[in-house]
Amino acid sequence: MPHQLETRVLLEGAEDPRLATLQGYKDIVGGYATLERAYKEMEQDEVLKALEDSGLRGRGGAGFSMGKKASFLPRGDMPKYLCCNADESEPGAFKDRELMQRNPHQLVEGIAIAALASGAGHAFIFIRGEYDSQADVLDAAVAEAYGAGYLGKDILGTGRDLELVVHRGAGAYICGEETALLDALEGKRGNPRLKPPFPAVQGLYGGPTLINNVETLSNVPRIVAKGAEWFRQYGTEQSPGTKVVSISGGVRRPGNYEISLGLPTRDLIYDLAGGPLPGRRVKAIYPGGSSSPVLTAAEAMDLPYSFEAMAGAGSMLGSGSVIVADDTVSIPHMALRTARFYHHESCGKCAPCREGTNWTVKMLERVVRGEATPMDLDIISSVQENIMGNCLCVLGDSMAMPVSAMVRKFRGEFEQVMAEAAEGIDPHVVVDAPAETLGAAT
Amino acid sequence: MSPEKREVTLTIDGREVTATEGEMLHDAAREGDVEIPVFCYEPKLGAPVGACRMCLVEIEGIPKLQTSCSTPVRDGMVVHTRTEQVKTAQNAVIEFLLVNHPLDCPVCDKGGECPLQDNTMGWGPGKSRVIDEKRHFEKPIELSPLVAIDRERCILCYRCVRFSQEVSEDSQLQLLDRGDRTYVGTFDDRPYVSPFQGNITDICPVGALTNYTYRFRARPWDIEQAGSVCTLCPSQCNVSFTVRDEKVKRVITRDNEDVDDGWICDKGRYGFEMFNAAERVTEPRTKGGGKVSYEDAIAKAASGLKARLGKVAAIVGDASNEEGFLIQEILRQGLHSSSIDSRPAGGPGIDTILELANPARQAKVADIDDADAILVLGTDPMGSSPILDLRIRKAIRRNGARLVVATERPTALDGGAEAIARYAPGQASYFVGALAAAVGGGVENIATPVAETLREAGKVVVVWGERIGASATNELLGLADALNVSTTEGAGLLEIPETANARGLREAGVLPDAGPGLGALALQGRGTEEIRQALIDGDLDGVILVGVDPLRDFGDTAAWTKALDAASFVVAFSTFATATAGKADVLFPLETHAEKDGTVTHPDGRLQRVRPAAGRPGDIRPGWQTLANLSLALGHDTGVTSQPTAFAALTNAVPFYASITDEAIGGRGIRWQDTASASSLPGFERQPEQHDPTASDRPGLKDEADPSGGEIHAPGADATASAPDAGAGSPDTQRERASGESVPVAGAPATLALGTYRDIWSGPITELNPPLKFLKPTQHLELSPADAHRLGLASGDKVRVTQGDHSLEATALIKERTPEGVCFLAEAITGANANGLLNGHQVRVQIEKLAEVTA
Amino acid sequence: MSPVDGAGASNPNLPVDRSVTEGRTPSTDPQQIPELQEVDCPPELRERIEMLMARYPEKNSASIPALWAVQERYGWCTPEGIRQAAAVMRVTPAYLESVASFYDLLHTTRVGEHRIEVCTNISCWMRGGDELLDAFRAAAAGEDVFVTGFECLGACDIAPMAAIDQRYFGPLLPGEAQTAIDQLLSGDAVLPEKSLEKRPLAGDVQVPGASGDGSAA
Ligand SMILES: Cc1cc2nc3c(=O)[nH]c(=O)nc-3n(C[C@H](O)[C@H](O)[C@H](O)COP(=O)(O)O)c2cc1C
Ligand code: SF4
Ligand code: FES
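Residue numbers (the working numbering), protein chains in the order written: chain L, 1 to 442; chain D, 1 to 855; chain Z, 1 to 217.
Note that these hints are calculated values from the structure, not bench results.
Remember, it's a predicted structure, so these values are computed and weren't measured experimentally.
Mixed in with the good hints, there may be bad ones.
[To be verified] Derived PhoX-like pairs: lysine-lysine, alpha-carbon spacing no greater than 25 Å straight-line:
| id | chain 1 | residue 1 | chain 2 | residue 2 |
| --- | --- | --- | --- | --- |
| 1 | D | K394 | Z | K59 |
| 2 | D | K44 | L | K188 |
| 3 | Z | K198 | L | K153 |
Looking at chain L on its own, in the form it has when it is part of the complex (with noise of 0.2 Å):
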């Protein structure tokens, strides 16, 4: 049973196996009852109205409003597309592999209404690399649908097409970045794109292109069944709707929990993930995956987990991914951790990414070496700032934000390890057995 204050609305029955199936996605949840009825009796408004109503916000990590983004696409017969991103590369969020290993139909069905919605003819999944056995599961459920004549010529009689492909990257992180995601599936290497034009006037093959993240997507079936006002009875006022959240790091039960979007973040850590391990205690938190600016526990802990709290606490919810640390590990080392991951990932088109990164991380090994000074956090600081607003995308200001918030939150912690460093005692303290405190899978 899953706990009271999970609310399961994207995981119906999301523990039972056979809901990856059509079969099981009909008789579990009703499914694919909602792209017939919109295939079959709804206007491309009407689908629409529902979504901006809905106030549904993008779920992978910029927050914007679902329908308004839909409704930016031009009318008119120019061939549009359609982007599901499923690239999930951001260190800390595994939300949309789960809901592609569980549920994909809940997916296909979609990515075929906001196709509609949007007037997209070719619909593609950029699914990252990595996630092969969830891009099996896909490729089987798009068959599947395909022979059911839920995708393809003349959908369900109607005289609507729409093809949908899945498409396998190759390990980036950057390819999750609309616009990279876009050169990659045309091809190219996934270099992120000037911006404007955006890409719902321009984008895949230069025609106007709606891009959404799979768990944006995997709320539109039930939006446009169940209706704006449904919806709204989850969440906020700002932030409707629920969430599958991702926690993991120092907790003793990480993973995927669907909740009511404002839930306190004190229950998300505390009862959902179980707290931290045994004689731990929390001592910060990245709230919106590696790229939000940390928090410390006691300024996280009291704040309803939703897209305004977040910002208003100087962060932000991003892909809804909360990684915990704990009282054994070293900031300096984290920071480093992830000015590594964002250095490793960037593309290398701008320079202030692409030297920004690489110098940061070479500052903050010689931190964790002992070989800097105070002097040296100023500079890191100074270079964050330098970075911020200068790149062509935001990789760059995604590892700043971390890094100058761990630098100003923790600089006291900083010093110290440089100090000890530099006596070479090594602050960072291993976890010794880690999978002992974890359930095991059964």
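Using the hints provided, position chains D and Z with the ligands relative to the given structure of chain L.
Coordinates of chains D and Z with the ligands only, in the frame set by chain L:
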């Protein structure tokens, strides 16, 4: 095509600036005298990429700084380029770029002319906070035998790879790896091979890409730049010579949008190394190689020529307008002969030349950019005028021009073509006639598939090769009319002639049937091929060869050898000691375009000035001077005593050059069609005559017909294109025609129709030029997979190719796009020159596989 | 005299003798799109790539899938394999190599028969990812198994984890690395009880001792 762009007004740093709508902010600022630093921005490379972030500016109303290179101006925009925020960002970008830059300026070739140095001085923080280790690469390494790459210095501005992808479209130069590990490289570390690669050294804003020919040869303060024109091919690109100690050390571009778009090919860039080759003729010589003074040489030449009054001919190739003018003076006035030509294989009569020269039919280079459709006819620009290859690609890529290619041999442009037609060697005239009929009269014939694309298009530019021959050139007028080029603004014909200054020489009177200014002559002389025959027959006795090498470059080598041997007196002007020069009784040196002073005329009518940049090696004197003195010695005073007087003599003699002054030519040249004297072209006032393409009395195929009396078109070669999916473009955009009734007759002898072509790298450019030596072409016999199969040949097999008594050895090369029934050999390849197999008619060759030699 | 006389004279790093570098020049042919008959592409690979190209409105979209197909066939993106794909797709080999080199999962140098990616990103690092990587490296020594540290694989819930031949396993103890490699090499199912696919939803797992009293801060 493009509707008039609106003017907008914006404010930059408090200054009001007017700009054209759609223009990038950076460019608008520059016009308003506000400099915004850039690295990656280079409009010649197409759309901005916004990668380096050097050009960030503040725009009121937008919270984040914006890249001015990629932000189009809007009316009322208020922009700041010097605020604290902008300065901080500029400092930051410079600092970031230097994090991994080795700062090895003291040993860097770019030092002193380096945008990274300049921007660091102008916009950088002035001090460094970086103490960390920089990234390392092996340095410098060979990107190609011509270009060295130092990856540590590279700032990843994308310019060079964009050039490779978007300008030369070879897609060989790529970025590899990711993030700060990214580097510029090629597939599998193989050398970058592209006839335009030198351009990347011009556009690299740091010292990452340098020329092997220039490395460590000079510092910017040792050198001078001298602007001139490259006359190694008819493109006549504008170049600037880097000169140190009177010697050319480097050739770089001198952007002229009307001519070259700011690019040059590697021939033009690296060709200068042959100026000092040991084979260079540096003083007058007599037969056998004896050096003589100019005075003696002129006296000897004059007496030899005078003794053959009326029986002397002249063939001119590489010469300036003034030189051409003086030669025809010598011949017509001094030697009472009019057997003079400037065309390797003769050409159409003066009537056709005048019709073609009519400004209403003339396209200029820039017209290619805005053409709706481009027809490339009987030429491969890559081999004959490389810079036009880039220009045509640009029109397709940026403006969606539709390309039609109609040639004997597959061209480098095929990949971008919407329709392709292949005609058999020697059948250009037949094909052009058919095409005119298909476009104009809607007649169904072999040209119909390509005609459709052209008929639908509005503005058509026809880029045609002189190689199509005289009778096809006559047919061209009908095609031009069918395409309405004379009544369509921006449409027209653009010739790619066989020699660099062909147009200038013709207009200066180096034609058998017209004098200076294309004035028709009562007394008609002989053209090139008739001169050859007359020498053999003894009707002519002496010949003056100026900048031509018939034994290498003209068809039918055996006949030319015979002709030159038969001539009892040969005066040659030559840059190098060629086999032809060896036949000369008196040999004069020629200046190169780095040494010469004179004018040339671009195929679109643009007069350009070749200016001396380097010292003349040895005892070389100006061409005009030698010719004027020779004329004097022959008793005809041309009045030419200097380059200006030579130019004046030319413009006096050519009425439609009359109002052109040296000043008007300036650095960019001027098209005579755009001057007041254009109307002095004979027949100018006439409306272009309409030529009925379907009329039956059009010039026949006589001069090119198959002497064997065979079919008009060779087996298989009437087909448009060849195998399916053969083109590099997507198959569905290429209209293809299956290869008709071309089934080969069983048991027929293994012969194929021979087509020949000019390889861009054949001749002295690779043979006498050490840096380009590695490109020296060897003879390949190109043939289709089906013919290769029939002949039992595989790529790489050695074959003997025979025509009559003549044969050569070549390596078989199977090309999917080669039409069945035809094979191709390159001209002017030393030791295996296809010109030796030609006899002025359509030829068929026998192919025999040579036994493998075990090494 | 050499045209590049003096080239490199003042820099000891430079190849001064041009004849040396000329010898290194394998060919003067541009590395352009190879013709199919030159590359000897296995028919299955050709058909697969053609099928992939047909799935997209523009053929170049098939570049990553085509490179996956090459990698599947040859174990990595070999130069020959890239040329074959390039010939089928009508793009330059350089283009495909450039694409391949951008992505972490496509290999342009030979990797082993099996591939193991061990996550060393934040969440896994906190739970012993570095130690797990060391254990895998030690266990794979001398075997045809490619082990590499990797950025977040999207499975922080099973930290520390590893992807073994594209399948996820975790949470793993360092001691399990040897077992996994033994199973892999002998063809047995790898750590069946640690397979992600078999895991229930986190909320459905019963964890002993997870109090959930929400007061320990
Ligand atoms: C560096 C970077 C990585 C991103 N990665 C992802 C991702 O993996 N998945 C995702 O859905 N959005 C990602 N995004 C956000 C997308 O750009 C985009 O905003 C999102 O897919 C839009 O979908 P949504 O409106 O449904 O959230 C990323 C953004 C950046 C800048
Ligand atoms: S080599 Fe030069 S042109 Fe090419 S990316 Fe680097 S800096 Fe730019
Ligand atoms: S010049 Fe504008 S971003 Fe490089």
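| said: Under the constraints set out in the numbered hints, which ones does this structure not fulfil? | reply: Going through the list in order, the structure violates hint 3 alone and respects the others.
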